[in-house]
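Asks: Sequence:
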Amino acid sequence: MSILQPEGSPVKIRNSFLGGAAAGFFQSFVLTPVELIKLRMQMQGIGQWEVFLEFEGHHSSPGAHKHYNNTWDCYVKVYRAERLKGIYKGFGLTVFRDIIGFAFYFGLFDYSCQYWATKKKISVDELSFFNLIMIGGLSGMLSWIPNYPMDVVKTRIQADGVEGINKYSGVIDCCKKSLS
683 MSILQPEGSP VKIRNSFLGG AAAGFFQSFV LTPVELIKLR MQMQGIGQWE VFLEFEGHHS
743 SPGAHKHYNN TWDCYVKVYR AERLKGIYKG FGLTVFRDII GFAFYFGLFD YSCQYWATKK
803 KISVDELSFF NLIMIGGLSG MLSWIPNYPM DVVKTRIQAD GVEGINKYSG VIDCCKKSLS
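Going by this note's numbering, the sequence shown opens with residue 683, and the numbers climb by one from there.
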């Protein structure tokens, strides 16, 4: 039983966009903390290469002063220091990015499948595995075009203040400084 369209009818592109937007919204609840922790793990030790090169031969080495032992340790330390606000830093930007990205991806994928099937005079169900892989890959690539700028801002906001100094007063400030 279908809620948005009759059973057996072709998929309406609008419904694919809406389904993608919903998927992007709900996945952001999981993805925001995952991306934040990944970013914190990647950032630890940044700047230590300069110290290592400057004092080569001494006790310092790159990564010697890592703040986190592993992913779970990072999660616990961020949560203890910043609570849920810290774990979900950048949530609004992740939601915005993923709603748009997934809506574009789902919509483009279904539109392209219908277009290609019509062109070949077959049903969408008859598209080959190769056709689906190509359509999926192209849809994925195209869906990131509007997302890259948002992803840059989201990542900069999530990374801001990790070393104790905030560069941005907010999203608009981050956008302005990113464009300058």
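Do not take every clue at face value.
Below are the DSSO-like pairs computed for lysine-lysine, each with C-alpha atoms no more than 30 angstroms apart in a straight line [to be verified]:
1. 849 / 767
2. 849 / 859
3. 720 / 694
4. 859 / 694
5. 849 / 694
6. 694 / 802
7. 748 / 759
8. 694 / 767
9. 802 / 720
10. 720 / 767
11. 849 / 748
To be clear, the hints were calculated from the coordinates, so they are not data collected in a lab.
Asks: Are there hints from earlier that the structure breaks, and if so, what are their numbers?
Replies: Of the numbered hints given earlier, those the structure breaks are 3, 4, 5, 8, 9, listed in rising order.
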